[in-house]
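Q: Generate the whole structure from the sequences, applying the supplied hints.
Number of protein chains: 2
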Amino acid sequence: MIQPSLSPDLKGRWESMQAAMKKQGTNGCLLTIDVNLYYMTGRVFNGYFYLPIEGDPWFFVKRPQSFKGNNVVFLHKPEQLAELFSVNNIEMPKKLLLEADELSYNMYMRIFNALQPEEVENATLTIHKLREIKRPYEIEQLRYSALKHAETYHHIPECYKPGMTDIELQAEIELQMRKNGSYGIFHTFGMNMEIFMGSILVGDNALEPSPYDFALGGKGISAAMPIGANGTPIREGNTIMVDMAGNYTPYTTDMTRVYAVGKISNEAYHAHQVSRDIEQQIMHIAKPGTACADLYNLSLEIATKEGLGNCFMGHHQQAKFVGHGIGIQINELPILTPRSHEKLKTNMVFALEPKFVIPGVGAVGIENSFLVTPTGVEKLTHFEEDIIQL
Amino acid sequence: MIQPSLSPDLKGRWESMQAAMKKQGTNGCLLTIDVNLYYMTGRVFNGYFYLPIEGDPWFFVKRPQSFKGNNVVFLHKPEQLAELFSVNNIEMPKKLLLEADELSYNMYMRIFNALQPEEVENATLTIHKLREIKRPYEIEQLRYSALKHAETYHHIPECYKPGMTDIELQAEIELQMRKNGSYGIFHTFGMNMEIFMGSILVGDNALEPSPYDFALGGKGISAAMPIGANGTPIREGNTIMVDMAGNYTPYTTDMTRVYAVGKISNEAYHAHQVSRDIEQQIMHIAKPGTACADLYNLSLEIATKEGLGNCFMGHHQQAKFVGHGIGIQINELPILTPRSHEKLKTNMVFALEPKFVIPGVGAVGIENSFLVTPTGVEKLTHFEEDIIQL
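Going down the list, the protein sequences come from chains A and B.
Sequential numbering of the first sequence, starting at 1, is according to my numbering.
Sequential numbering of the second sequence, starting at 1, is according to my numbering.
Treat the hints as calculated values from the structure; they're not laboratory data.
Misleading hints may appear alongside valid ones.
Note: identical chains are not told apart, hence a pair may lie in one copy or across any two.
In silico lysine-lysine, DSS-like type, Cα no more than 25 Å apart, as pairs [as the list claims (entries may be wrong)]: (1) 22 with 11; (2) 320 with 62; (3) 179 with 161; (4) 345 with 11; (5) 129 with 379.
In this text, all values refer to a predicted model and were calculated from it rather than measured experimentally.
A: This is the structure in C-alpha cells:
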C-alpha cells in the first residue's frame, strides 16, 4: 500500500490505556489476543504484551525468535511469567486486566495462576472502549481502505456474466479484491462469528435466517458456515446485494451496494430509496453526543412510517441494530441498537446499514462507513448509491 | 457437491461421546463452539447442544429462530439454562463437560454459574479425541476434498504468468479454488491461529519466521497477519511452494506441491527428493500402533543423515512436527511431534509434510493427506510429486 504519512503512535495508545487503568484502579494489563496485540504493538506475535500502570511495556515472546526491541523477554509458556517479572524487576500487579471475553478459560486460568493477582478486570471491555475512538493513523488507514473498497466496486459490472450464480459472481469479485490489495482475512469479534470476505445475497436467499450476529443472513454453501451466497442463479427481477469487505489495510471499511439485472419491483425501488432517506436523516442529526439508540430508533421509525417495518433488517428474522463500529474488526463499538447507552464521540468510525428484504426480489438498501467529526459525520465510502444495472 | 452416499451418522457420534463420558465419569456435555456443534449436529447454530449421559441430546437455540426438530428449546441467554433443564425434566449434570480450551473465560463462567455443576471436565480434549477417529461419512468427505484439491492443482500452471508476484499467483489460484467449489473459509484450532486459504512461499520469503504454529512461515502482506506470501516476484532459480487448502467440503485436506520457473540448485532438488524418501519410508512403516513420535524421529533422522537437519521444517526457526491430523479443522489430532505419546489408530487421517527451506532457493518438499487403514496408510491426495515446471 501507499506509505502512510502518519506513524501508528503506539506510545499514545499505551498512555491512553494507562489513563484508563488509573481510572479503573488496575495496576497492569496483559494482552495476548492477536487483534489486541496488533493494536498495542503494531504486529502479531506469539506471546504477551504487558503494560504496567506506569512506564514502558514489556514484550514476552515465544515466537518469532527473531523478535527484537527494548524490554523483549523470551519465554516458552505463561507459567514462566512470575519468574520473568521478578528477574526483570517488574512489579506484580495486584489488580490485573485480562482479556476475559477473548481468552479461552484454560489460557485465562494459566495466566491467572502464574501471576496470582488479587483481582482481575476485563481487558476486552477496556481495550474495546479505547479502540472505539480512532487515532489519526487509524483514520488514515480507514480512508485508504474506503478508497480501495470503492475502486473494487467499480469493477463489479465487469465481473458479471449472464447465467452466473451468486457464488460465481462472488469468486470473481474476490479476485478483483485481491488484485486491488485486499488482505483476504476478515477479522470479526465474538464467539463463532465468521464470514469469508463478505456476503452476496441474491433474491430470496436474503430471506434465509442465519445463526450469526450479522445484519442479514443467507443460507451459505454449507451447513458448516450458513451465511451469504448459496448458489442462487442471478435472474432478472432479483437484486444482488454486495457487502464485501473493505480489508485493504488492517482496518476494514464496510460498504454495501445493490445491483440488479433488468427491472425490479416498485416496492423494492421504494425500499431502497427509504434506506437512502434514513441515511440522509441520520447524517443530518448525528454528531458527538447523539445517542446511538436514537439512531436505531429513528431508522425503525422511518421504516415503519413507510410501511416497511416488517422487512427492516431482515424478514423472518430481523437484526436489532442498524450500524456498528468498524476498525481492526468488522464489528467494533459502538453498536447502533435500541438498547445502547452509548453516545457518538469524535473519531468514532461506524458503518450504517439500513437494509430491507423484499420477498420475491431480494435485499435492498445501502451501507456506508462514517467518521464522527467534531460537528457531525463524514462519509468515507463514496460510490454510486442508486441500484446499479448489470 | 456430489451427494454423499453415506449419512453423517450423528447418532453414532452421540453414542461415542456417551461412551467416553461413561469412561470419564461425567454426566453431561454442553457444546457451543461452531466446529463442535457442526460435528455433533451437522450444522452451526447460535446456542447449545446438550448431551446427557443417556438418551437423546437437547438443542438450546438462540438463532436461527427457524430451527426445527426434536428436543429443540429456544432461549436468549445461557442464564436460562437451569430453568429450561428443570422445565424439560433434564437431570442437572453433577460432572459436566465444557469446552475449556475454546470457550472464552466469561462465557465459560456464565454457563458454569447457570448450571452449577460440582465438577467440570474439558470437553475440548474429549471431543478432539473423538474427532481424531474419522467415521465413514467423514472419510468420504475427505476423499472428495482430496479429489477436488488435486483438480485445482492441475490448473496452477494456467494461473501463472511471467512477471507475477507470489500474491498475484495466489489470487489466481484462489479463484480456481472457488470455481472448483472451495468453501473459502479455513478452520484452524487454537488461539490466534489463522491463515487465509493457505500459503504460497516464493524464494527467501520461506526463511521468514512466523508467530503461528504452522509448518513454515513467510512474512505475509501485513504485520497484522505475518504468514505466507509477501509480494515476492517469482524469479528463475526460486521455488514456489503451494500449500493451499483442500476445503471443498467441511473436511479439509492438506497437500503441498513445489513449482519452479527454470532450473533450481542441485541442493534443492536433492532436498525435495529426501522429502519424498521420508514419505516413502513413513508409508512403509506407518500402521495402527505406530508411535507418532517415531514418525517425527524417523523423518529428522533421514533429514540429518542427508545433511539437511539444519533446514528441516524451517531454517532460522524450525517447526517441531512433521505432520498433524486433519478434519473439520486443519490442525487436529494426532500431531507427529517428538513429544507425542499417541499411536496411530485405524481411521485417523493425517497430513505428512516433510519440508526443507534452502536459502537462496526457497522451500521444497511435499505434503500429502493419509488415511490410516487396518494394515497401513492410504494416500488420499494423488498428484504429481516432482517439482513442476511453470
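Q: Now tell me if each hint is right for this structure.
A: Comparing the hints with the structure gives:
no. : hint         : verdict
1   : 22 with 11   : within (16 Å within a copy, 54 Å between copies)
2   : 320 with 62  : between (41 Å within a copy, 14 Å between copies)
3   : 179 with 161 : both (19 Å within a copy, 14 Å between copies)
4   : 345 with 11  : within (22 Å within a copy, 52 Å between copies)
5   : 129 with 379 : within (22 Å within a copy, 50 Å between copies)
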